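There are 2 protein chains.
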Amino acid sequence: MGNSSRFSTILHLCSFLVLLYSLSMLVPILISFIYGENELHAFLITFVVAFSIGFIGWKATDSGDKNLRTRDGFMVAVIFWVSFSIISTLPLYLDRRLGLSMTDALFEGISGITTTGASVLSHIDTLPKSILYYRAQLNFLGGLGIIVLAVAVMPFLGIGGAKLYQSEMPGPMKEEKLTPRLADTARNLWVIYTAMAVLCGLSYYAAGMNWFDALCHSLSTVSLGGFSTHDDSLGYYHSAPIEIVGGVFSILAALNFSLYYIVILNRSFKPIFKNSEVRFFIFVLFIIVSIVCLELYRTGTFDAKDSLVHGFFQAVSIMTDNGLGAGNFPHWPAQVVLLLMGASFFGGCVGSTCGGIKAMRFLLLYRQGSREIDQLIHPNAVYQIKVGGDSVSDRVIQSVWGLFFLFIFFSCAFIWGLVAMGYDLPTAFGTVAACINNMGFGYGETASGFGGLTDPAKWLMCVAMIFGRLEIFPVLIVLSRTYWRF
Amino acid sequence: MGNSSRFSTILHLCSFLVLLYSLSMLVPILISFIYGENELHAFLITFVVAFSIGFIGWKATDSGDKNLRTRDGFMVAVIFWVSFSIISTLPLYLDRRLGLSMTDALFEGISGITTTGASVLSHIDTLPKSILYYRAQLNFLGGLGIIVLAVAVMPFLGIGGAKLYQSEMPGPMKEEKLTPRLADTARNLWVIYTAMAVLCGLSYYAAGMNWFDALCHSLSTVSLGGFSTHDDSLGYYHSAPIEIVGGVFSILAALNFSLYYIVILNRSFKPIFKNSEVRFFIFVLFIIVSIVCLELYRTGTFDAKDSLVHGFFQAVSIMTDNGLGAGNFPHWPAQVVLLLMGASFFGGCVGSTCGGIKAMRFLLLYRQGSREIDQLIHPNAVYQIKVGGDSVSDRVIQSVWGLFFLFIFFSCAFIWGLVAMGYDLPTAFGTVAACINNMGFGYGETASGFGGLTDPAKWLMCVAMIFGRLEIFPVLIVLSRTYWRF
Ligand SMILES: [K+]
Ligand SMILES: [K+]
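Heads up: the protein sequence lines correspond to chains A and B, in order.
The C-terminal residue of the first sequence carries number 491 in my numbering, and the numbering is unbroken.
The C-terminal residue of the second sequence carries number 491 in my numbering, and the numbering is unbroken.
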């Protein structure tokens, strides 16, 4: 199959996804009717435009024999996220009540669909319900895309050792068996993801939210997106139960979703408790939460109970790259805020909607660091790095190192870019951590929102959000000479 | 050979080195006589104490059969740097004219012997000549120790892929031939290093320094130590020729010293120009210098000529981790200062006195990053990473990744430690960059000196300097359980 025919197949697939996505615009229209908000044209126009483009693109292109090469997956991932970002931007730009510039709308749209949750909007409490719901839906659908990408697509592309976590998967999730049923896998994940959102929404409602807030926050919590319906995020409620619900569901959403599938298949929770990545994630999370709670108490920021509740919720929310806030987080002691900003690079498990470098990769780097010490002491011994009982191939380890290096390198480059634009180092660090890790909570000048950034800074951070979401490699690959050579 | 007998051999070797080192105290005594400074007791006491300890230790221990195991090298490296740090501290603590606390003296001593060049002293211009000379000599001897360690010891230990750079070495420097002549190698390196210092001193003198300043600055330049005889460092002279001499010799001192040995053996400069690491180092240096000069000019900090001179000198001085200053560097635009602080993690070549992670390792990481992209596009192709024509083994690459990870990890940990002590992020970042990279130039509160740090912060930075100087692994190894298990 030639280049042009393969490209046609890619466009065929992406057009179909755009077509599907256009239907999601109908839900905010419904919300708009329910609340008697008469500004429908933004969503209607977007629906018509996206539906038309998707439909025409779908009809005009050929599915070919549907056998894309592995490397075409990179192109699909990049086109998917860029086109969905642009479509998501449209309603935000068209809605006259928001009065957003093109750049602001794009930032908000990308932030939503990449589940970053960084917002340029202020006075969120006063926004129309349809917009508030739409933002939460952006998070939710973006998260769904990520899970499918991470569980069903990335492993075949091999980015950052993505094949790795499958080594622990029993039967049905093994790579060789997964291939023919991409659609099946996607459907199963979708069901699990939606079920978790329903459970989360009911819990929020039980903890005291009204049904609309519970709906929106459940969508943005299970996607670890972090858009809220209030300027003060979860802090608006001053409610320990709500924060605990938010924290617990952030943790649940940060686990590998294919584990839930296995749990259901096996009717046993053992696969979760026995999973090395989950154990390592919970271990590191426990350490970070403990330090945060202790520091909050030691510095007199809160009393014992509030230190525990706010500390638990906020540490989990930032580390899993959810980014919901409470307890006036930006004013916490600098060392606590910086620790959490740093922890946001850690993220959660592979195969979830969290951002950052992810626990599995740190586990591997940690194992190799220890092995290196043993190896230096006993230079002639042969050490194998094992995860979940299986030894990890050098190929996978080097792939992980490559991703780690690029993540650090681009983080530094983005930070330097912001400093060159005139921002101070804490702001630059916090803003880049918020965007490249799809975490969404800034620091310094962006602590209370990203609207104050200059347009070039916003564009740079849009790039950072997409880089982080796609784990950098797909973007570099699609831009590389090797990719286009034949 | 049992543990205790091997430990005795280690002590025997270290005692002998302490004995030798005690003799170096006689030079500042001589300087003291020349300048009629009557405070000799600090150096005399140190001489007597170190000589006695060294002599007794040497006599009381047994050389054994002199066949230490490879892993004993880690212990030697750690004991060497810790004991030399303590001895170097003594004169600074004992000299009543300085009035330093124990912590300050220790910081200054470690800073000198690790060639960091961070100073707690103020009003340096008014210090006695013997002290000024002594500080420069600390840099010089510390640098000598590092070169011997890096060229003759580290390769056998295999830290951070140290075996790697030998792949490019022709005959006489190959590992297998180097083994039996550690002493020969050390002597040859010592001659080259001293010759470079003489050349550097003459150049400084020709450029307008008085002979004493030329002597001290030549010692601290070829060691990339960075101690100066003036508060304003090289900025004191307001002289372009002096800055150019400083810059050129910083570059020369940042190349692998075994290359000079080969140049002399082969009577040809070709080995230097053909060396992959040198080429990569010069390439990155050129980019950084260009950005710095352009930014200085663009922001109107200096006119064209000064942008070029100050930009060249200061970029080279910081990136090679020399740390001499000029042109009021701390007040340059933040993006320039941060770029250079970042570049100090890059350093120069392996086998020199520079600090940081070093060019060879970044070259390898870069090569692997590119390979990873090719590999992802063509998953079934077999790619080899090559440096200087030879392919690099997976073992070496993983060793380099291990070091990279630990360097980043400990940098973050130290930065967080300073933030937890109440310092702002720019100060914490600049201070850690200055110390862990043995660079010596701080930022924010430490821009004009490290004397203002609290005692705990100074102690933490002492650890950072030693960690950086020993490339972390030896310290972790000596502290690991595996090391002591048998
Ligand atoms: K988020
Ligand atoms: K230095």
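There's no promise every hint is true.
With the C-beta cut set under 10 Å, the calculated list includes, among others, these residues of chain A facing chain B [to be verified]:
id: 1; residue: Asp189
id: 2; residue: Asn193
id: 3; residue: Val196
id: 4; residue: Gln340
id: 5; residue: His383
id: 6; residue: Ser404
id: 7; residue: Phe409
id: 8; residue: Trp421
id: 9; residue: Gly427
id: 10; residue: Asp429
id: 11; residue: Ala433
id: 12; residue: Glu450
id: 13; residue: Leu481
Under the rule of at most 20 Å between Cα atoms (straight-line distance), these lysine to aspartate or glutamate pairs were calculated in the DMTMM-like manner [as the list claims (entries may be wrong)]:
id: 14; chain 1: A; residue 1: Lys275; chain 2: A; residue 2: Asp399
id: 15; chain 1: B; residue 1: Lys391; chain 2: A; residue 2: Asp399
id: 16; chain 1: A; residue 1: Lys391; chain 2: B; residue 2: Asp67
Hints were generated in silico from the structure; no laboratory data involved.
Just so you know, these numbers come straight off a predicted model, no measurement behind them.
A virtual CB, placed ideally from N, CA and C, is assigned to each residue, including glycine.
In rising order, the numbers of the hints this structure does not comply with: Hint check: 1, 2, 3, 12, 14 and 16 fail, others pass.
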